[in-house]
Amino acid sequence: MKKVKINREEQIKWYLSDFARFAERLNGGSQSTLHGTRKQAIKQFSKLGFPTTRDEDWKYTSVDSLLAERFNLSTAASNVSDSFIKPLMFEKSAENTLVFINGHYSEALSNLQLNIPGLVVSSLAAAAEKHSELVSRYLGRYADCEAQAFVALNTGFVLDGLFIYVPDNISVEQSVHVIHLADPDAGPFISHPRSLVVIGKNSELKLTESYHSKGDGSYFNNAVSEFVVDENARLDHVKIQEESEAAFHVSYTQFQQERHSVISTVNVDLGGSLVRNNLHVLLNDENCETHLMGYYMGRGRQLIDNHTFVDHAMPNCFSNELYKGILDDKAQGVFNGRILVRQDAQKTNALQSNKSLLLTDDAVVNAKPQLEIFADDVKCTHGATIGQLDEEALFYLRARGISEEMAGAMLRHAFVADVLQSVKDEDVRERLDAKIIERFTLAKKTNTNCE
Amino acid sequence: MLSIKNLEVEVAGSRILKGLNFEVKPGEVHAIMGPNGGGKSTLASVLAGREEYEVLAGSVEYNGKDLLEMAPEERARAGVFLAFQYPVEIPGVSMSNFMKTALNDAREARGEAALDAMEFFALIREKLKIVNMNEKFLSRSINQGFSGGEKKRNEVFQMAVLQPQLAILDETDSGLDIDALRIVSTGVNTLRSKDNAFVLITHYQRLLNYIVPDFVHVLVDGKIVKSGDKSLALKLEDQGYDWLTDELDAPVTI
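Chain order of the listed sequences is Z and W.
Position 403, counted from 1, in the first sequence is what our numbering calls 403; the numbers after and before it change by one each time, with no gaps.
Position 218, counted from 1, in the second sequence is what our numbering calls 218; the numbers after and before it change by one each time, with no gaps.
For the record, the hints were derived by calculation from the structure and aren't laboratory data.
Among the hints, a few may not be true.
[Stated by the list, open to error] Dumping the calculated DSS-like pairs for lysine-lysine here, alpha-carbon to alpha-carbon at most 30 Å:
(1) W/Lys65 x Z/Lys92
(2) W/Lys25 x W/Lys226
(3) Z/Lys347 x Z/Lys435
(4) Z/Lys424 x W/Lys100
(5) Z/Lys39 x Z/Lys201
(6) W/Lys194 x W/Lys129
(7) W/Lys18 x W/Lys129
(8) W/Lys65 x Z/Lys435
(9) W/Lys226 x Z/Lys424
(10) Z/Lys424 x Z/Lys92
(11) W/Lys100 x Z/Lys435
(12) Z/Lys92 x W/Lys194
(13) W/Lys25 x W/Lys136
(14) W/Lys136 x W/Lys100
(15) Z/Lys86 x Z/Lys43
(16) Z/Lys379 x Z/Lys330
(17) W/Lys65 x W/Lys129
(18) Z/Lys214 x Z/Lys347
[What the hints assert, rightly or not] If you want the ones that stay clear, here's a sample from chain W, every Cβ over 10 Å from chain Z, calculated:
(19) Gly13
(20) Arg75
(21) Arg77
(22) Phe81
(23) Glu119
(24) Gln205
[As the list claims (entries may be wrong)] If you anchor each label on the Cβ, the simulated ranges turn out as follows:
(25) W/Lys136 x Z/Ser171: 25 to 35 Å
(26) W/Arg140 x Z/Asp377: 53 to 63 Å
(27) Z/Asp144 x W/Phe121: 48 to 58 Å
(28) W/Leu115 x Z/Glu129: 49 to 59 Å
(29) Z/Thr381 x W/Lys230: 28 to 38 Å
(30) W/Gly13 x Z/Asp361: 40 to 50 Å
(31) W/Asn134 x Z/Lys347: 39 to 49 Å
(32) W/Gly13 x Z/Ile373: 30 to 40 Å
(33) W/Asn134 x Z/Ala76: 33 to 43 Å
(34) W/Asp179 x Z/Ala375: 52 to 62 Å
(35) Z/Leu442 x W/Asn132: 37 to 47 Å
(36) Z/Lys347 x W/Lys136: 46 to 56 Å
(37) W/His203 x Z/Ile373: 34 to 44 Å
Backbone N, C-alpha and C define an ideal beta-carbon position, used for all residues, glycine too.
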């Protein structure tokens, strides 16, 4: 890897000048209240600067490789043909699919047939105009702009992304699928996709987000998502990141749960050169239930870092977390699972488990459970294991005529089977199943998933 | 079909097989008996292709090919099957996925088309009957939470699906109650034909009441020291192995 002298001051200046150019292009938009939020955020970003490995939260994840590159702000969706998008869609959600290219909504490639009174599924840019009251009521209220530099940066450039508003007492039967495709053909770019999803009381939503690349050029996705799950509402969420191994992916996701709400989120990372996911859940009222699942597969020199934070603020809530990683070659994995049980959060039941499979001597995982408990009547368990592929099981499969390669793929698939089982959407689960087998049987023939 | 000549095998630094000779022809059933540590399971493992066993000398020919040169999966595809003494549990891999992959990999290797879902399940249902297991078994993970008897029946089920030419059963009868033993034996007897052969490795004559062997061999200290017909098994049951080892230790007279 080439060593580049990183000048952090220069980088911040670069992003600030980027912001100036961005603001100019907004024309009338620069007078809106939203722009006030942007200006404040970018100021906060310049104060915070980029994290370093001296920050406890970034101890194992250096952003130097990210800062060594200079990305230009993506300004519009590039031309991507329909035939490229089609295979990324799921059969059952094909009529409820939003497509974003380089962070910008593409109406031509999207297909939105959902027609439920009061339900809004649209691009954030369109919603900011048509439903400005709704957007400003929720946008930026949940993600931490004060302490998180990447959230501040995203908020500074907030323009487009996903907006879903499910009114009270609506159960959206059909799954919604959001495709984020990066096409770095025109050079390295940065995009700041922003998602805002609000699910009203007693309502229900199934959402799958997938991130893909076209080609293997470098770019930087700096995503921020806010989910508000109101009383007795349910969210089934899956995020699949299968970008090219030259991509940088940083994401902050904040879930806010109200009384009796249930969320299930499954987070899959297969691509990316440097991946950092921050997933925060605030259990803001009693009797909430949270299922936080994920698996990640790294190879080459990929670094995949999952920082999760479950904030038990109120009593009688249940959270269940399971993350699994398979690391090959010289890949690195980081898992940091923070659980905070506040003083008021009596009768909390919090489970956490992180398991890693290291396929080579050079693969590394840094796993850290971090429990902070201030209530006295709680049940919290955590565990972290690191292991290798079971040779005995491998031999058993081979002794039945299964090739060594396929047997290995089956065992890797088996390792994450319990996480896959938590994906309720069959379309999605089957594709994830197939991807694992494909990844380990078409071993390393290609570095991109979309070619 | 199988011809083993002067086979010497070492595992973890100690020599277990010390010049073993053994021939199997199509249609035959051989039983290999002998005291613990004699090399019975080592023989089974070497034939299946376990890597930790080092062949020091000798040869193993299977249908005219050098078996020792073949990878475990190549042996299986060529029709060699080992019913494991201790089948491993593999959570997360369902029996149906396992069998489908194994079956279709073997078919592909033989240049045959893969079975579609309908054909596969028709075949599987028929084979499940042989071992008296129901279809629920297919959605379970391989051997996970299976009782001892179920694990052994599963081995026979896999054998029935894959239809090997040469099946080696490594103490498949150990730890089985009489009902399970009967099911396993019936399974093996159903599969017997003039074209295939079985090698039964066992401690107990009991199994041979159900599966009647053509030949019985006694493996002691890395060599076959005595071969005979099924009556040899009865004699071993009655008298143990001591008379054999005494015979061996006796000074050679010319």
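Checked hints:
1. W/Lys65 x Z/Lys92: violated (52 Å)
2. W/Lys25 x W/Lys226: Roughly 18 Å between the alpha carbons, so the hint for W/Lys25 and W/Lys226 holds.
3. Z/Lys347 x Z/Lys435: violated (40 Å)
4. Z/Lys424 x W/Lys100: This hinted pair holds, its Cα atoms lying about 24 Å apart.
5. Z/Lys39 x Z/Lys201: Measuring from Cα to Cα gives roughly 33 Å; hence the hint is violated.
6. W/Lys194 x W/Lys129: Given pair W/Lys194, W/Lys129 holds - Cα atoms ~22 Å apart, limit 30 Å.
7. W/Lys18 x W/Lys129: This hinted pair is violated, its Cα atoms lying about 41 Å apart.
8. W/Lys65 x Z/Lys435: violated (37 Å)
9. W/Lys226 x Z/Lys424: violated (61 Å)
10. Z/Lys424 x Z/Lys92: holds (13 Å)
11. W/Lys100 x Z/Lys435: Given that 30 Å is the threshold and the Cα spacing comes to 18 Å, the pair holds.
12. Z/Lys92 x W/Lys194: violated (52 Å)
13. W/Lys25 x W/Lys136: violated (37 Å)
14. W/Lys136 x W/Lys100: Status holds; Cα separation ~16 Å.
15. Z/Lys86 x Z/Lys43: Outside the cut-off at roughly 40 Å; violated.
16. Z/Lys379 x Z/Lys330: Violated, at roughly 37 Å.
17. W/Lys65 x W/Lys129: violated (34 Å)
18. Z/Lys214 x Z/Lys347: violated (48 Å)
19. Gly13: About 19 Å separates W/Gly13 from the closest Cβ of chain Z, which puts it past 10 Å; holds.
20. Arg75: Violated: least Cβ distance 8 Å, not greater than 10 Å.
21. Arg77: Since the minimum Cβ distance to chain Z is about 5 Å, W/Arg77 lies within 10 Å and the statement is violated.
22. Phe81: For W/Phe81, whose nearest Cβ neighbour in chain Z is about 8 Å away, the distance does not exceed 10 Å, so it is violated.
23. Glu119: holds (18 Å)
24. Gln205: Correct as stated: the minimum Cβ-Cβ distance to chain Z is 28 Å, above 10 Å.
25. W/Lys136 x Z/Ser171: 25 to 35 Å: holds (32 Å)
26. W/Arg140 x Z/Asp377: 53 to 63 Å: violated (38 Å)
27. Z/Asp144 x W/Phe121: 48 to 58 Å: holds (53 Å)
28. W/Leu115 x Z/Glu129: 49 to 59 Å: holds (56 Å)
29. Z/Thr381 x W/Lys230: 28 to 38 Å: Roughly 57 Å apart at Cβ, these two residues miss the hinted range, so it is violated.
30. W/Gly13 x Z/Asp361: 40 to 50 Å: Violated, at about 24 Å.
31. W/Asn134 x Z/Lys347: 39 to 49 Å: holds (42 Å)
32. W/Gly13 x Z/Ile373: 30 to 40 Å: violated (51 Å)
33. W/Asn134 x Z/Ala76: 33 to 43 Å: At 60 Å between Cβs, range violated.
34. W/Asp179 x Z/Ala375: 52 to 62 Å: Distance hint for W/Asp179, Z/Ala375 holds at roughly 54 Å.
35. Z/Leu442 x W/Asn132: 37 to 47 Å: With Cβ atoms ~40 Å apart, the hint holds.
36. Z/Lys347 x W/Lys136: 46 to 56 Å: violated (37 Å)
37. W/His203 x Z/Ile373: 34 to 44 Å: violated (55 Å)
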